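Please construct the entire structure, taking both the sequences and the accompanying hints into account.
Residue numbers (this note's numbering), protein chains in the order written: chain A, 1 to 298; chain B, 1001 to 1399; chain C, 2001 to 2366.
A couple of the hints might just be wrong.
Here are the simulated DSS-like pairs of lysine-lysine, each with C-alpha atoms no more than 27 Å apart in a straight line [to be verified]:
id : chain 1 : residue 1 : chain 2 : residue 2
1  : B       : 1189      : B       : 1393
2  : B       : 1069      : C       : 2039
3  : A       : 259       : B       : 1393
4  : A       : 259       : B       : 1160
5  : B       : 1296      : B       : 1093
6  : B       : 1393      : A       : 127
7  : C       : 2039      : B       : 1093
8  : B       : 1376      : B       : 1189
9  : B       : 1339      : C       : 2039
Bear in mind the hints are in silico, worked out from the structure with no lab data behind them. This structure is a prediction, so every number in the text was calculated from the model and none was measured.
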Amino acid sequence: MSSAYLWGLLFFSLHAMVPITLAAVGEVIGETAGLFNIGLEGIMLTAALTGALGATQGGWPLGLLVGLATGLLIGLIFGLISTYAKGDQLIVGIGVNLFALGFVAFGLTLLGSPGFYIVPAASRLPKIHTAVGNLSPLVLVAVILPFLVYWLLNYTQLGLKLKAVGEQPAAADVAGLRVNALRLGATACGAALAGLAGAYLSIDWLGSVTKEISAGRGFIALATVVFAGLNPLLTLLGGIIFGFFDSLATWVANIPGVKEAVPWQMISMLPYVVTLLVVAVIGRVHFPSALGKPYSRE
Amino acid sequence: MLQSKIKLLAVLGLILAVGFMVLPGGVTAAAQTKGQVAMVLDVGGRGDLSFNDMGFKGLEEAAQELGVKTVVLQSASAADYLPNIRNAARSGKNELIIAIGFLLADAVNQVAQEFPKQKFAIIDSVVDQPNVRSIVFRENESSALVGALAAMVAAQDGFKKVGVVLGIPIPVLFHFEAGYRFGIDWGNKKYAQVTGTNPNVGLLWTYTGTFSDIAKGKASTEAQLKLGAGLVYNVAGPLGIGDLEAISEAIQQAGHQAGPPFMIGVDSDQDWMGGGNKVLASAMKRVDNATFDVIKSVVQGNFQPGTASQGLDNGGVAFSRYANLLNFINFGINANAIKEGDRGTIIKNWLEMRQQIPYWIWDAVSELEVKIMTGKVTVPTANTPDEIQAIRKQFPLGG
Amino acid sequence: MARLSAKLAAIPGLRPVGESSLAGLIGMILGALLLLLYKFNPLLAYESLFAGGFGSLYGWAESLANATPLILTALTFAVGLRGGLFNIGAEGQVYVGALAAVATGLLPVPAALRLIVTLVLALAAGALWGLVPALLKMTRGVHEVISTIMLNWIAYFFAFYLIAHTLSSPLNGSRTIRIPPAARFGVILPGTDLNYGILVSILLALLFYFLLWRTTVGFELRAVGYNPRAAHYAGMDEHSIGHWAFLLGGVSAGLAGAVQLMGRPPSYAILSGIPQLLNLGFDGIGVAMIGRNHPLGILLAAVFFGGLEAGGRTMELVAGVPLEMVRVVEGLILIALAVPELGRFLTYLRHLNPLELLSRQRRRAD
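Next comes the structure, spelled out in structure tokens:
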């Protein structure tokens, strides 16, 4: 086991962490304010496509921007239905997932290359070169962002307001907070981060879009939010744990002799079994009492 | 043209639906005329850059050259196979129904009995019915060639290992693995014979369990490279996009423009991917030719049921060469994966890449090719988990 | 008129059916706009979609065949949500149920009992897999969203393992052994996929209806889901109620996997990569939502979704519209369904009675 192998594993884990942590930390913002968006998978998938096309057109800055904007837009639709229209958040989220599955495959078909789209090398996000491997700048973003959000939620007026509308919307309303506006803003910004995660997949990490490019990472992000109990810092930890064991499973499976001792299917279960064990040890976490319920003045 | 489409779709990121206005519809509607051929794809569908796309390529060529009408039926789930094939048969408009992939075998078997006058063809599986043409490939033979190449090139460039990233363990993939193992062993021996030292190049292999999660391809390839692999063979369709990402990053990290490390392509000629200097060779499986030929046989009135085994000797599988590169650059351009303007660079890069490999290695690959074609060398194969287990014991290759 | 609409309003279930239908209509209209933007002919597309799904006996049979497993996975999600649980574990429980159904083929069972034994073992396996998140939640407080997602993936790779080893067909490495003929559901309408497995789905939906609305356990389950605090103060045992929700869900999803294999031609075996089981659980969530988490609504919604999928194939064949369009429409329908304003729109329509409006204006004028 060379040190290059271990560095490689570490770096790959960090890259695998990024989409999960970005989407999860965004969802933390929304859930803190009381909105539960199960549509992360769909947002990531859609933004992977639109972000890739944006990058092809105007380079990676536009790609990231389009990814963010796609997430923001879907988040706004989700948020408007879930707040002012008092709709069922669950249904919208599931609808977003279904829509995205069809929309991305449909869009790829009409682009002329059904099933996949490769982002030109010139439109990719530049990498940070280090002695032991290349690093995506978004790794740094994904590491720093949870701290920023932690600060925002716990040490700013805005954060306190978001918590208030998530925990006690009626009291917040009486206190003069605009419950629906705050919720809408929070979930839209959160969804924008899921969009960024999608753009990361296509214009950075994997350099391509396929009809299943998100491969369940949106749901893993959702699980990470639950694991974190809405603590942004723990989404980073959760993303790293999952990213590490997910990568470890693949890396270990390639070492000669391992598959003979343990079937590869069992090795592939590793990240999921570990996550389950970790959450079983942690036990119960707290959620905002008004999570998932639309607020209406009685 | 592409640019304008992309621009529209990029704007669409901001206003999702509205941007799609100027995009033309891609699929042609079924026509009422005779001489129509239906193709039913498996759940992988279009865009795998290999198996399904090769079938589609054959269908398109038949449409152009033979003038047949075509219709393609995708399958959203395995539950669609039977109804899709049945719908195609029920309509009575299709002279031939081609099923792409072994997953459709049971469905073809059933519908062939329900519609005994309808002609069918199935790729990659044998369906024993009087109105079905079954086409299977000896992928072990082409895999032996790229295995031999990989071992010799790895030894030449100072690598201790070669790798292979496979998808879901199915019999077809066992053919690839068996042949690749045999080829590496043959390459090791050949290298020892020519240079006097046995390189003992070992094999790193993995089944990822997916034909869709690109990240698994990238992770596996990167792990294999870090464990000392100099070439990695993609036997997982679309995961090759991820394999190539890992290879490209390793090349970039080393401060180079071209491999090593190299990828080895599968099914189609994938040598053009990544600029022409990162995929050293491809083990081609001419699903396109097989599709074209069976359509042609129907058009000419000499369709024959029964099983055709396609190997190196009849061009069913092949080692990628210059003429293939030229053909498949067009394939890439049609898929919008590369642009017309890239053609010259890709060809130049490819020629330089192949020239940096000592000439005797190419000769050795050709030697093995001829020996397999003439039956002097028989490449082992495997169809069941037990059989591939036996092959792994026979050619352990340091693992 | 006013009396008629009042009468209509009094019919139970009419309002949710109306709302779901309206959402369906809006989803289809949005989908049509998208088709139009792509320069497809939406009229031709929808005509072929519905002709394919519901335009003939054959179409109906295909739609019902598609609905068969969806009814069961939708019930899984619905019974969870009724009990206040977000159980998205149907996907994994389907795999496990299907594996158990195939494994039963290895056991020595008299032919006459094979069908029933296979069903029982499959539902037991589904129930066991469904109890894992229940136990994790009750003993360790692990949220079911996280445990069911993880268990889905574990079941996925577990299925891959069994397909490659214990259950692998010695004749054909690309699938498991087949379900023995004695354990298969016959085809109802020859030349279609519709089989007697659909009776299992319908019976279970009726059974769930009875359980939820006619028994104490069902009442408590809905009470806990509706207002856990009130249920708690009323002395209900949330833990045992929660177990019931997971258990019933597991039974239903396990049966979905079994019925899909035992009834749906032609393979009667799990293929490599489990392509005939993938997404049945997740699609069930959408069906449950459109069916308003009510067993009877789910029956209707599953046939609707099944019809869209069957018709999608015809739409591809006739109108050249890619199959994926069906999912786009399904998603749009769900999004439209979420907007409660739709319901109010229906109420508004009811008041859009010219006589009533007139009398109201007159009153205002007075």
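Inset, instruction - Could you grab the alpha-carbon distance between residue 2039(C) and residue 1093(B) and see if it respects the 27 Å cut-off? - result: Holds: residue 2039(C) and residue 1093(B) sit about 25 Å apart, inside 27 Å.
Legend entry - Pair hint outcome, residue 259(A) versus residue 1160(B) [Cα-Cα no greater than 27 Å]: Holds, at about 20 Å.
Legend entry - Pair hint residue 1339(B) and residue 2039(C), alpha-carbon separation not exceeding 27 Å: The given pair, whose Cα atoms are some 26 Å apart, holds under the 27 Å limit.
Legend entry - Pair hint outcome, residue 1189(B) versus residue 1393(B) [Cα-Cα no greater than 27 Å]: Between residue 1189(B) and residue 1393(B) the Cα gap is close to 18 Å, so the pair holds against 27 Å.
Inset, instruction - Below or equal to 27 Å on CA atoms is what counts here, so check residue 1296(B) against residue 1093(B). - result: Cα-Cα ~17 Å, so holds.
Inset, instruction - Would you mind confirming whether the straight-line C-alpha gap from residue 1393(B) to residue 127(A) stays at or under 27 Å? - result: Judged against 27 Å, a Cα distance of about 42 Å means the pair is violated.
Legend entry - Distance restraint between residue 1069(B) and residue 2039(C), which requires alpha-carbon spacing of 27 Å or less: The hint holds at about 21 Å.
Inset, instruction - Take the C-alpha atoms of residue 1376(B) and residue 1189(B), compute the straight-line distance between them, and say whether it is at most 27 Å. - result: Cα-Cα ~16 Å, so holds.
Legend entry - Restraint status (C-alpha distance of residue 259(A) to residue 1393(B) at most 27 Å): 13 Å, holds
Violated hints amount to a single one, hint 6; each of the other numbered hints is respected by the structure.
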